[in-house]
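Protein chains in written order, with numbering that gives the first Met the number 0: chain U, 0 to 395; chain F, 0 to 395; chain G, 0 to 395; chain C, 0 to 395.
Each hint should be verified, as a subset may be incorrect.
Pairs involving identical chains hold if they fit within one copy or between any two copies, as the list cannot separate such chains.
Within a straight-line C-alpha distance of at most 30 Å, the following computed DSS-like cross-link-like pairs (lysine-lysine) qualify [claimed, not checked]:
id: 1; residue 1: K257; residue 2: K365
id: 2; residue 1: K365; residue 2: K178
id: 3; residue 1: K178; residue 2: K283
id: 4; residue 1: K283; residue 2: K257
id: 5; residue 1: K372; residue 2: K257
Since the hints were derived computationally from the structure, they do not count as laboratory data.
Below are the chains, spelled out letter by letter.
Number of protein chains: 4
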Amino acid sequence: MTGIAERLAAILDPNSRGQGARLFGWLHLAATSVGLAAMILDTLPAPPIGDPVLNAIMAGVWGFFLLEGAARLFVAPLQAQGGTDAPTRARLLHLRSTEGLIDLLAVLAPGLALAAGLAVDDVRLFCAVWALKYIRYSVGLGLMLRVLRQARASLLSVLTVFFVVLLLAATLAYIFERKAQPEAFGSIPAAMWWAIVSLTTTGYGDAVPQTLWGRLLAGVAMMGGIAVFALWAGILATAFAEELRRRTFLRTWDLVVKVPFFQEVGAGVIADIVQRLRPLELPKGALLFRRGQRGDCMYFIVEGSITIDIQPQPIRLVAGQFFGEIALVTGGPRTASASAAEPTQLLVLDIADFRELASRRPELVKAIEVEAKRRLDENAAAAAMAALRRTGAGDG
Amino acid sequence: MTGIAERLAAILDPNSRGQGARLFGWLHLAATSVGLAAMILDTLPAPPIGDPVLNAIMAGVWGFFLLEGAARLFVAPLQAQGGTDAPTRARLLHLRSTEGLIDLLAVLAPGLALAAGLAVDDVRLFCAVWALKYIRYSVGLGLMLRVLRQARASLLSVLTVFFVVLLLAATLAYIFERKAQPEAFGSIPAAMWWAIVSLTTTGYGDAVPQTLWGRLLAGVAMMGGIAVFALWAGILATAFAEELRRRTFLRTWDLVVKVPFFQEVGAGVIADIVQRLRPLELPKGALLFRRGQRGDCMYFIVEGSITIDIQPQPIRLVAGQFFGEIALVTGGPRTASASAAEPTQLLVLDIADFRELASRRPELVKAIEVEAKRRLDENAAAAAMAALRRTGAGDG
Amino acid sequence: MTGIAERLAAILDPNSRGQGARLFGWLHLAATSVGLAAMILDTLPAPPIGDPVLNAIMAGVWGFFLLEGAARLFVAPLQAQGGTDAPTRARLLHLRSTEGLIDLLAVLAPGLALAAGLAVDDVRLFCAVWALKYIRYSVGLGLMLRVLRQARASLLSVLTVFFVVLLLAATLAYIFERKAQPEAFGSIPAAMWWAIVSLTTTGYGDAVPQTLWGRLLAGVAMMGGIAVFALWAGILATAFAEELRRRTFLRTWDLVVKVPFFQEVGAGVIADIVQRLRPLELPKGALLFRRGQRGDCMYFIVEGSITIDIQPQPIRLVAGQFFGEIALVTGGPRTASASAAEPTQLLVLDIADFRELASRRPELVKAIEVEAKRRLDENAAAAAMAALRRTGAGDG
Amino acid sequence: MTGIAERLAAILDPNSRGQGARLFGWLHLAATSVGLAAMILDTLPAPPIGDPVLNAIMAGVWGFFLLEGAARLFVAPLQAQGGTDAPTRARLLHLRSTEGLIDLLAVLAPGLALAAGLAVDDVRLFCAVWALKYIRYSVGLGLMLRVLRQARASLLSVLTVFFVVLLLAATLAYIFERKAQPEAFGSIPAAMWWAIVSLTTTGYGDAVPQTLWGRLLAGVAMMGGIAVFALWAGILATAFAEELRRRTFLRTWDLVVKVPFFQEVGAGVIADIVQRLRPLELPKGALLFRRGQRGDCMYFIVEGSITIDIQPQPIRLVAGQFFGEIALVTGGPRTASASAAEPTQLLVLDIADFRELASRRPELVKAIEVEAKRRLDENAAAAAMAALRRTGAGDG
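Make the full structure from the sequences, and use the hints.
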């Protein structure tokens with residue numbers, strides 16, 4: 000019983016890279032898309048599919064979400080990391096998390112609408128909440144929520160200023176234009192519609208000031224609107240960049256600690272290195288670089304293994320080793336191709352960062368260069384042999 | 000008498016966190032909102048409320064602002080920080096501050112309009128200045144004013160260039176389009192309306208070039224407009240980020256000096272720490288984290304106290320202590336829940352920043368780790384005991 | 000003769016702060032504005048001023064620019080910094096500079112148009128080039144030209160991509176919509192008009208896709224357009240920030256070298272200080288801060304002098320001295336008001352930067368603190384005496 | 000035979016600076032522009048050129064691209080940097096590269112369309128792919144592709160959120176507006192058209208909400224759309240700036256290693272220097288600065304030579320030497336003019352960066368200053384002599 004629960008938990012985990020989990024991820028995406036497509040198509044004047052088929056499809060997707068929600072609730076205790084919680088408490092906590100709420104909403108919204116006796120056509124519209132299911136499998140959800148939480152105070156300040164500007168602009172537009180255009184500017188709420196359409200620079204054109212003062216106001220308002228949204232954009236972009244930096248730092252750190260080479264470097268420089276490395280995942284068989292390409296980075300293997308297509312016979316590098324540094328030191332093209340012999344996790348060090356590091360941390364790069372030189376000499380010998388053979392065979 | 004004045008000053012202080020001040024803040028917000036809503040609704044073709052009620056509401060709000068303004072004037076000498084000013088001078092200074100001016104305007108604008116013999120309907124429109132009252136209680140006002148002051152020279156440069164581009168675009172559009180569309184482009188002022196609507200990419204569509212040259216000009220103008228506003232946005236966003244950084248630094252610094260632990264660290268690293276800590280306020284009873292959650296930060300208590308729900312019995316941490324560092328060092332989930340036993344001010348150190356600090360300032364983190372290890376051992380023993388008991392009880 | 004030329008050169012120098020130069024700057028601004036206003040008003044259907052008056056005004060402004068241009072040409076040899084050039088060469092160089100070209104254009108454009116026999120109404124339109132005269136006196140001109148030059152390669156790349164996207168979008172829109180809307184999308188040039196209006200998100204609404212494929216294309220195009228302009232904005236904003244940083248560094252450096260205090264600090268920390276100081280200019284009599292205000296920065300005097308309104312009698316600080324550091328060290332409010340006794344140039348050190356500096360460069364701040372402590376003790380004594388007197392007088 | 004291939008390869012290389020390659024670059028640009036112009040003009044209601052001429056032009060451009068593609072395929076083995084590949088493999092690799100694909104598409108697209116029996120008018124439209132040829136010669140292509148690849152994950156997150164917001168906004172707009180405006184909001188696909196036009200702030204005005212709830216929704220949606228695109232812009236701009244920084248670092252590094260002076264400086268400071276230098280290319284005869292100009296940077300010669308117009312006779316500086324540092328040290332104007340005696344590659348060190356470097360790396364600047372002082376003394380003597388002569392001649 001526990002074995003099944005554990006396997007189920009592994010399949011349902013969005014961050015797992017197992018085959019079952021990937022397949023379920025795709026199935027989940029497909030179900031959401033099919034359900035939403037059915038809902039959208041049904042609103043067309045002449046729906047391409049008949050009502051019975053539509054109903055069957057949407058009931059199917061709903062059933063899938065119901066089962067999924069139940070399964071997630073069932074395995075919640077296994078996913079609680081501490082492991083010491085009582086199962087009921089773990090399940091309640093799951094229901095109160097953002098992900099749990101989305102799952103619950105996906106099942107409850109159309110269900111409650113149906114139970115409330117709404118027409119079937121209207122019940123279908125409640126299925127729009129299924130769109131949230133896309134976000135559930137997106138890595139960016141948590142990131143974006145954190146960004147909004149961090150920048151909350153600043154965003155709220157800008158929003159307050161924006162609201163005040165909106166109200167003053169609408170009042171002035173009402174004063175200037177109410178006589179010339181009693182329909183579009185006949186009340187402050189009507190003028191606020193014009194103001195928000197103009198301040199966001201959308202400009203539908205359904206309400207346009209015609210008096211001189213109204214147009215002067217509009218000019219100032221449109222420029223002020225851009226200023227407010229520039230602040231809005233700047234706050235969000237800054238907070239996002241900061242949060243992304245933190246996240247990348249953590250992810251890279253988790254990989255760096257698995258490479259023994261970096262452990263010997265000493266605690267003093269490891270933060271420097273982590274900020275410069277970039278994770279890269281390769282599926283099995285993927286070509287990393289080809290012989291003759293310009294070399295612009297070196298690689299450290301965290302997991303998996305890499306085949307270097309060197310003559311006379313390919314060599315295989317495994318977790319903990321590094322490669323590609325020859326091109327960085329000599330400045331020449333790659334002397335051999337490299338490809339992933341199995342699913343492989345790498346850390347990439349760009350040439351620009353390599354040189355900055357080399358300048359600041361000579362002790363670190365020393366070790367890399369010693370190894371690089373050694374391998375270069377080996378390769379030179381191998382290349383000479385290969386050239387010998389080729390000349391003998393006489394190609395091109 | 001002075002006692003009352005002091006209590007009044009405390010209530011009126013927007014930055015105070017006392018109950019009276021909070022309540023007054025909400026009352027102020029409500030009065031502003033009710034007043035503005037009444038003014039807006041009154042302009043509708045069929046106002047939902049009759050004139051007498053409206054007048055009563057607005058008179059009430061005006062009276063509230065009058066009383067508030069008077070009270071603020073009364074307590075101004077108490078709020079002057081130096082305390083040595085003559086009361087009259089302090090009151091004059093208050094009236095000349097941005098906040099004082101907003102208060103004065105809120106009372107005077109509708110009053111003067113009424114005194115000037117305007118119709119009651121028009122007097123109400125002057126109440127739009129009450130919208131500024133929102134800004135008065137927003138933390139962002141001072142920040143934004145400072146940003147505008149700092150970036151003034153740059154913004155003015157961009158504005159000059161924008162004005163020149165606007166004028167040249169309008170003149171050219173007038174030349175190209177005056178014959179084809181004598182109504183929309185029949186004079187340079189008319190063409191300037193088109194130019195500002197297009198340069199801000201609002202595009203109402205009431206004036207659209209039709210000749211070939213006019214359209215080419217429009218294409219260049221729209222792209223140039225985006226370039227100008229990109230500069231505008233860039234300047235504002237950069238200045239805002241810089242000012243926010245300063246402000247956060249100051250606020251964090253004021254909190255850091257209250258934690259004795261940081262005092263021992265030495266002056267050389269304190270700026271480094273301050274830049275990485277983030278203030279967090281918790282109301283009484285708020286849950287900070289739950290057992291089993293992934294730990295991504297540690298906390299220092301500045302004020303208040305925190306209850307750690309550890310077995311066999313909860314412990315209480317007070318100002319000056321820190322917690323949550325176990326998860327950072329071991330990389331595992333939280334071993335206990337934490338919640339605020341009273342209104343509490345914390346400083347948060349993110350795991351990414353913890354690791355960067357650990358790499359650059361090993362001496363600082365050493366102390367944290369020693370304490371962390373000690374507490375971990377205690378907890379391990381407690382957890383073992385709890386596990387023993389749970390196994391005996393046999394759940395799940 | 001040379002004396003007059005030198006005085007003329009001083010008056011014409013836009014960067015001079017002499018009274019003559021300032022007056023001429025305002026006169027120049029007024030002439031440009033009057034000339035442009037006349038040109039703009041003349042295009043109205045019913046111009047508020049008659050033709051003869053207009054012609055007189057514009058001829059007057061033109062004459063002013065002619066005289067100004069001649070005067071600048073005359074004094075050009077004096078302004079060539081090397082001083083060793085032959086006068087004719089210096090004048091030719093002046094005519095080839097950006098400023099010289101603007102002056103020349105302002106005089107030649109309407110003159111040539113008149114000479115070419117154009118109608119007087121059309122000649123007036125050529126006066127739109129006078130708008131460039133605004134830029135001539137704006138500090139931002141040189142800055143913006145440098146930014147464009149630095150970012151030229153990146154901007155050109157983005158422009159190329161934008162043009163390709165524009166062409167492909169227009170071709171596809173032509174294919175999708177030519178049958179449904181032969182008027183708006185009947186040729187690729189027509190479709191390009193739609194494309195640029197949509198890619199810049201202006202959206203006049205005169206050409207809107209109606210077919211399904213046309214709308215899908217429009218959706219993708221509008222989002223792609225935003226992406227292209229985001230790059231455009233990012234490039235400009237980054238280059239602008241970088242250029243501004245350099246310029247501020249240079250300007251601050253030129254001021255810092257005039258303060259002996261910083262000379263003693265040593266070359267190693269001076270770049271650190273320069274990056275943190277901010278120049279501030281005060282006209283005579285300007286109030287810098289009031290007693291009782293919260294102190295958030297300290298000041299170094301570069302030129303001029305400052306009166307500190309301290310009891311029992313005000314003191315005067317002169318170039319090379321610093322003040323305001325008491326509030327930074329004690330954290331309390333300002334203990335006295337400060338105002339400029341004459342036009343004064345200050346350098347401002349913000350409290351956040353002061354603390355960062357204090358943490359990194361304790362040796363620098365030590366000296367400041369010693370001086371601060373000394374003055375604080377003096378002030379404390381003075382304040383005690385003042386308090387004594389005030390208590391005796393019994394105010395409030 | 001190999002000699003011809005090598006010459007051909009040199010001509011076809013877009014990064015080569017040889018005369019043949021430049022000429023071919025211009026020819027390529029002209030052919031693309033002529034071909035696209037012909038295609039565009041042909042769609043006009045009354046094409047200015049007859050069909051036979053058009054067909055001849057387009058066939059000619061197509062033939063040019065065919066020949067070019069064949070030539071590039073022919074020389075592909077020579078351009079493979081490793082040089083050890085079999086020719087066939089190198090040609091296949093070339094076809095699979097981004098550049099090879101563009102070339103192939105330019106030839107195949109209209110060819111296949113013609114072969115498929117489409118009308119000649121429609122075949123011409125396929126020539127729009129020739130627009131991609133512009134990108135082929137733009138330096139920015141690779142940069143932008145890398146930026147998109149680096150920021151892929153973040154952009155996808157934002158896109159997912161955007162899609163969810165789009166769908167929810169469309170569903171709500173459909174619910175609110177379907178009765179009031181059955182034409183514009185009669186189905187969710189129709190409402191999605193409104194939603195994307197509004198979220199991107201394009202605002203054509205063909206679909207505008209009219210109900211109260213619809214307008215409230217529109218206001219929120221327009222502001223949310225700006226927030227999403229602000230993130231979009233921030234991600235792209237940040238990634239672009241980072242990638243540009245790397246690229247500039249690499250390019251500057253390649254130049255710095257050619258200047259012996261920097262080699263002596265030591266590995267520890269070279270990364271510092273590289274980040275501050277800026278490459279500058281001069282054609283033969285170009286004037287770098289004039290005597291009397293304000294000096295704001297110094298120069299290091301990487302390749303070529305510079306003539307300094309010093310009295311009594313000009314001197315010539317060659318690769319490895321530096322100049323212009325006198326003005327930086329003394330703060331005065333340039334004492335002589337400098338121009339390129341042949342095509343010259345320089346590295347520029349700005350005065351702001353010079354001073355920062357001087358503060359952090361006194362040892363580096365020491366050497367520069369010693370040389371500067373020496374040359375200054377020489378020049379002073381020369382200037383004295385020149386002044387003597389001039390006074391004798393009596394100019395101005």
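Hints, one by one, checked against the model:
no., hint, verdict
1, K257 with K365, "both (21 Å within a copy, 23 Å between copies)"
2, K365 with K178, "neither (80 Å within a copy, 68 Å between copies)"
3, K178 with K283, "neither (72 Å within a copy, 49 Å between copies)"
4, K283 with K257, "within (20 Å within a copy, 42 Å between copies)"
5, K372 with K257, "both (25 Å within a copy, 22 Å between copies)"
Taken one by one, the earlier hints fail for this structure at numbers 2, 3, listed in ascending order.
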